[in-house]
Amino acid sequence: MTTASTTHFSRDLLERYVSGQLSETESESITSHLAECEACLSLTDQLWTRQPIGEALLDNPDLDTDTASRLERKLVARIHRSNLGSAVTRLGTQGFLSVAFGLLRPFMAAKPTPHVEKGTKDD
Amino acid sequence: MSQLGLSDLSDTQLVRLCQDRGAKDERPFQELFHRYQTLVWRVCFSFTNNPQDAEDLTQELFFKVYRSLHTFEGRSSFKTWIYRIAINTCQNEIRKRNSRPQQSDYDFNTLAEVLPGTATLETEWQQNQQRQQLAAALVSLPAEVAEMLYLKDIEQRPYLEIAAMLEISVSAAKMRAQRARLALRAAYDHREGGG
Ligand SMILES: [Zn+2]
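So the sequences go chain by chain: A and B. Per my numbering, the first sequence starts with residue 7, numbered consecutively. Per my numbering, the second sequence starts with residue 21, numbered consecutively.
Straight-line distance between alpha carbons at most 25 angstroms, and here's what the computed DMTMM-like set of lysine to aspartate or glutamate pairs gives:
| no. | chain 1 | residue 1 | chain 2 | residue 2 |
| --- | --- | --- | --- | --- |
| 1 | B | Lys84 | A | Glu78 |
| 2 | B | Lys99 | A | Asp72 |
| 3 | B | Lys84 | A | Asp72 |
| 4 | A | Lys80 | B | Asp31 |
| 5 | A | Lys80 | B | Glu46 |
| 6 | B | Lys116 | B | Asp76 |
| 7 | B | Lys84 | A | Asp70 |
| 8 | B | Lys99 | A | Asp68 |
| 9 | B | Lys44 | A | Glu78 |
| 10 | A | Lys80 | B | Asp73 |
| 11 | B | Lys116 | B | Glu80 |
| 12 | B | Lys44 | B | Asp28 |
| 13 | B | Lys116 | B | Asp73 |
| 14 | B | Lys84 | B | Asp73 |
| 15 | B | Lys99 | A | Glu78 |
| 16 | A | Lys80 | B | Asp45 |
| 17 | A | Lys80 | B | Asp76 |
| 18 | A | Lys80 | B | Asp40 |
| 19 | A | Lys80 | B | Glu113 |
| 20 | B | Lys99 | A | Asp70 |
| 21 | B | Lys84 | B | Asp40 |
| 22 | A | Lys80 | B | Glu51 |
| 23 | B | Lys99 | A | Asp65 |
| 24 | A | Lys80 | B | Glu80 |
| 25 | A | Lys80 | B | Glu75 |
| 26 | B | Lys99 | B | Asp73 |
| 27 | B | Lys99 | B | Asp45 |
| 28 | B | Lys99 | B | Glu164 |
| 29 | B | Lys84 | A | Asp68 |
| 30 | B | Lys99 | B | Glu80 |
| 31 | A | Lys80 | A | Asp70 |
| 32 | B | Lys84 | B | Asp31 |
Honestly, the hints are just simulated from the structure, not real lab data. Since we're looking at a predicted model, the values are computed, not measured.
Model the full structure from these sequences, guided by the hints.
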């Protein structure tokens with residue numbers, strides 16, 4: 007870990023840093039300093055939140071209660087529909103398998119290797 | 021009441037309940053929904069800047085989460101897991117949408133023509149333009165950059181907490197946050213310049 011340099015960056019320079027006016031090299035050296043210097047970092051955070059972008063990020067609204075309850079109703083209904091759908095499919099598959107197994111059982115009992123014709127031919 | 025009991029459980033306990041009970045009982049999932057609906061909606065809003073889109077995406081996302089709860093292994097916290105799904109879903113959905121022909125949702129231009137010279141309307145229009153541009157810039161960034169901006173600048177979390185959540189050092193968190201801001205700035209300015 008490097009020790010923080012005692013010379014801090016000016017407010018003006020940090021202002022240009024947050025508004026993206028510096029070169030990549032300049033920006034990178036400031037970024038490294040900010041990682042180690044609490045004073046410059048908190049000033050930078052402040053300057054950033056005063057920028058239109060920083061402000062707009064902060065301004066992100068909250069979910070209102072009407073939307074929240076509408077969302078929950080719709081979601082629960084959708085989950086029910088989908089569970090119902092998959093229950094029917096599952097039941098259908100299980101039903102089919104047990105019937106198929108029931109039909110095959112006599113063959114399996116009679117011959118060790120039953121030859122079962124699979125499916126019907128497509129037209 | 022079992023509802024009262026559910027609110028005392030941790031996220032991981034609730035997820036386990038969902039996994040165990042499956043389709044038989046959706047109440048544990050509803051409890052998770054209550055805990056994270058605002059977080060998810062806010063992520064969706066930041067990427068769309070449109071309440072209706074945010075609502076639709078939130079619903080889509082929770083349904084997706086419900087269907088993929090069995091894949092949650094608890095390596096990250098449920099919270100981290102869900103907002104990462106939110107960021108990815110939003111970015112993918114909007115990128116997909118942007119590749120189709122556009123239609124504008126807010127028609128402030130027309131409004132301004134009907135009521136010319138209304139200062140508040142103009143400011144509102146400008147602010148909305150700004151937010152649209154910001155949302156578009158957020159969509160264009162890599163997911164981990166958007167994640168950092170979400171944690172630091174939307175949710176206002178301290179660097180220490182972000183470092184813990186992402187399992188990185190505090191100074192790495194500080195640097196990544198600054199780089200994320202600069203990347204957002206560049207993407208935003210690029211859009212402004214490019215029209
Ligand atoms: Zn300093």
